[in-house]
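Below, each chain spelled out in residue letters.
There are 2 protein chains.
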Amino acid sequence: MTTQLLRIGETAERLGVSTHLLRHWEAEGVITPERTAGGARRYGPELRDALAIAVKCQHAGMSLSTIAQLLNGPPGERRRLVAEQRDAVDRHRARLERTAAFLDHVLRCTHPVVRECPECRAFASSTP
Amino acid sequence: MTTQLLRIGETAERLGVSTHLLRHWEAEGVITPERTAGGARRYGPELRDALAIAVKCQHAGMSLSTIAQLLNGPPGERRRLVAEQRDAVDRHRARLERTAAFLDHVLRCTHPVVRECPECRAFASSTP
DNA sequence: GTAGAAGTTCGGGTCGACGCGAAGTCAAGG
DNA sequence: CCTTGACTTCGCGTCGACCCGAACTTCTAC
Numbered sequence: 001m002t003t004q005l006l007r008i009g010e011t012a013e014r015l016g017v018s019t020h021l022l023r024h025w026e027a028e029g030v031i032t033p034e035r036t037a038g039g040a041r042r043y044g045p046e047l048r049d050a051l052a053i054a055v056k057c058q059h060a061g062m063s064l065s066t067i068a069q070l071l072n073g074p075p076g077e078r079r080r081l082v083a084e085q086r087d088a089v090d091r092h093r094a095r096l097e098r099t100a101a102f103l104d105h106v107l108r109c110t111h112p113v114v115r116e117c118p119e120c121r122a123f124a125s126s127t128p
Numbered sequence: 001m002t003t004q005l006l007r008i009g010e011t012a013e014r015l016g017v018s019t020h021l022l023r024h025w026e027a028e029g030v031i032t033p034e035r036t037a038g039g040a041r042r043y044g045p046e047l048r049d050a051l052a053i054a055v056k057c058q059h060a061g062m063s064l065s066t067i068a069q070l071l072n073g074p075p076g077e078r079r080r081l082v083a084e085q086r087d088a089v090d091r092h093r094a095r096l097e098r099t100a101a102f103l104d105h106v107l108r109c110t111h112p113v114v115r116e117c118p119e120c121r122a123f124a125s126s127t128p
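Those sequence lines, one after another, are chains Z and E.
Mapped onto full-length UniProt numbering, the consecutive letters of the first sequence carry residue numbers 1 to 128.
Mapped onto full-length UniProt numbering, the consecutive letters of the second sequence carry residue numbers 1 to 128.
Source of the hints: derived by calculation from the structure; they are not laboratory data.
Mixed in with the good hints there might be a few duds.
[Claimed, not checked] Calculated pairs, SDA-like style, for lysine to any residue (alpha carbon to alpha carbon, straight line, at most 20 Å):
1. Lys56/E to Pro128/Z
2. Lys56/Z to Ala94/E
3. Lys56/Z to Lys56/E
4. Lys56/E to Asp90/Z
5. Lys56/Z to Pro118/E
6. Lys56/E to Cys117/Z
7. Lys56/E to Leu107/Z
8. Lys56/E to Asp87/Z
9. Lys56/Z to Arg115/E
10. Lys56/E to Val113/Z
11. Lys56/Z to Pro128/E
12. Lys56/Z to Arg91/E
13. Lys56/E to His105/Z
14. Lys56/E to Ala101/Z
15. Lys56/Z to Ala122/E
16. Lys56/Z to His59/E
17. Lys56/Z to Arg93/E
18. Lys56/E to Ser125/Z
19. Lys56/E to Glu119/Z
20. Lys56/E to Arg95/Z
21. Lys56/E to Ala94/Z
22. Lys56/E to Ala88/Z
23. Lys56/Z to Arg98/E
24. Lys56/E to Ala100/Z
25. Lys56/E to Asp104/Z
26. Lys56/Z to Thr127/E
27. Lys56/Z to Ser126/E
28. Lys56/E to Arg91/Z
29. Lys56/Z to Ala124/E
30. Lys56/Z to His105/E
31. Lys56/E to Arg121/Z
32. Lys56/E to Pro118/Z
33. Lys56/E to Ala124/Z
34. Lys56/Z to Ala88/E
[Unchecked claim] If the Cβ cut is set under 7 Å, some of the chain Z residues that face chain E in the computed set are:
35. Pro45
36. Ala52
37. Thr99
[Claimed, not checked] Label pairs and their in silico Cβ distance ranges:
38. His20/Z to His24/E: 51 to 59 Å
39. Gly61/E to Glu119/Z: 16 to 24 Å
40. Arg115/E to His111/Z: 52 to 60 Å
Ideal placement from N, C-alpha and C gives every residue a C-beta, glycine not left out.
Work out the full structure: start from the sequences and follow the hints.
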């Protein structure tokens, strides 16, 4: 049992994505699998974990190029990027929090017109 | 002072976007300004508030078509959509929270390899 | 050793959300 | 009247992320 190398089909299925996508991500420098002598992609457990993490990161709003740097960049740069993304996620979270509050408010707001409702106006003119 | 109608240039500048964008959003059915006799767009205070809200909603991940429905759809449908988006925002928030925790962890994680770190693995295999 | 499943490369297509510039229109000042 | 500047429509270009099919090669099970 030589460290469970899976081919692209299995890997894609387990991850719930298409094989096209895995090739695309490779082309974008996100994840680079090993190759057999004949050129077929083989994904080991490490890479599959990295892929899973990449998916989560993407859901958190990171671009493919950012994720690629995160996974493959030099350690120093990597640390900086992680911290940066951490901040970005926090800002994103703050925005979402305001949005959630606003939507909650809208559900019970009786003002027919935004301008007449201080809470709506507050959201409209909230920082970034 | 007849309810401050602004032209597209002023409106765009105050909002920090391009005039192209405002026309684009109109074409997508997001916001439909009044027109002068000659066909020039005029944005009243109400519409400008709506625009500001649309911008926030977009930052919260909503698509233009969703926003268009939110702003212009029939009240019944609107309520449903708001509730739906509210839920989506919450799910999004939950994901971001996990991501933030993961990034925090990565900043102080000493394991050289993801597979060897239970916390990293936990994030990799966390629900959606 | 060979069939057929699964893989490969390559190039073009789609979708959402824009940007951009050309060519024409309108309104106000000199 | 004419200029000037902000506006109009129209259509094509871009970018990120992705899907898809054609044509060919490799892998694997029998």
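These are the hints, each one checked on the structure:
1. Lys56/E to Pro128/Z: Between Lys56/E and Pro128/Z the Cα gap is close to 8 Å, so the pair holds against 20 Å.
2. Lys56/Z to Ala94/E: 12 Å, holds
3. Lys56/Z to Lys56/E: Not satisfied, since the Cα-Cα distance of roughly 23 Å exceeds 20 Å.
4. Lys56/E to Asp90/Z: Holds, at about 16 Å.
5. Lys56/Z to Pro118/E: 16 Å, holds
6. Lys56/E to Cys117/Z: Holds: Lys56/E and Cys117/Z sit about 17 Å apart, inside 20 Å.
7. Lys56/E to Leu107/Z: 17 Å, holds
8. Lys56/E to Asp87/Z: Holds, at roughly 19 Å.
9. Lys56/Z to Arg115/E: Given that 20 Å is the threshold and the Cα spacing comes to 16 Å, the pair holds.
10. Lys56/E to Val113/Z: Holds. Lys56/E to Val113/Z sits at ~18 Å (cutoff 20 Å).
11. Lys56/Z to Pro128/E: The hint holds at about 8 Å.
12. Lys56/Z to Arg91/E: 13 Å, holds
13. Lys56/E to His105/Z: 15 Å, holds
14. Lys56/E to Ala101/Z: Distance of about 12 Å is within 20 Å: holds.
15. Lys56/Z to Ala122/E: Judged against 20 Å, a Cα distance of about 12 Å means the pair holds.
16. Lys56/Z to His59/E: This hinted pair holds, its Cα atoms lying about 19 Å apart.
17. Lys56/Z to Arg93/E: 13 Å, holds
18. Lys56/E to Ser125/Z: The hint holds at about 9 Å.
19. Lys56/E to Glu119/Z: 14 Å, holds
20. Lys56/E to Arg95/Z: 8 Å, holds
21. Lys56/E to Ala94/Z: 12 Å, holds
22. Lys56/E to Ala88/Z: Given pair Lys56/E, Ala88/Z holds - Cα atoms ~16 Å apart, limit 20 Å.
23. Lys56/Z to Arg98/E: Holds. Lys56/Z to Arg98/E sits at ~9 Å (cutoff 20 Å).
24. Lys56/E to Ala100/Z: Measuring from Cα to Cα gives roughly 11 Å; hence the hint holds.
25. Lys56/E to Asp104/Z: Cα-Cα ~15 Å, so holds.
26. Lys56/Z to Thr127/E: Judged against 20 Å, a Cα distance of about 10 Å means the pair holds.
27. Lys56/Z to Ser126/E: 9 Å, holds
28. Lys56/E to Arg91/Z: Holds: Lys56/E and Arg91/Z sit about 13 Å apart, inside 20 Å.
29. Lys56/Z to Ala124/E: At roughly 7 Å apart (the allowed maximum being 20 Å), Ala124/E and Lys56/Z satisfy the hint.
30. Lys56/Z to His105/E: 15 Å, holds
31. Lys56/E to Arg121/Z: 12 Å, holds
32. Lys56/E to Pro118/Z: Roughly 16 Å between the alpha carbons, so the hint for Lys56/E and Pro118/Z holds.
33. Lys56/E to Ala124/Z: 7 Å, holds
34. Lys56/Z to Ala88/E: 16 Å, holds
35. Pro45: 6 Å, holds
36. Ala52: Interface hint status for Ala52/Z: holds (4 Å vs cutoff 7 Å).
37. Thr99: With a closest approach of 4 Å, the Thr99/Z hint holds.
38. His20/Z to His24/E: 51 to 59 Å: 30 Å, violated
39. Gly61/E to Glu119/Z: 16 to 24 Å: 21 Å, holds
40. Arg115/E to His111/Z: 52 to 60 Å: Holds, at about 55 Å.
Hint compliance for this structure: hints 3 and 38 are broken, all remaining hints hold.
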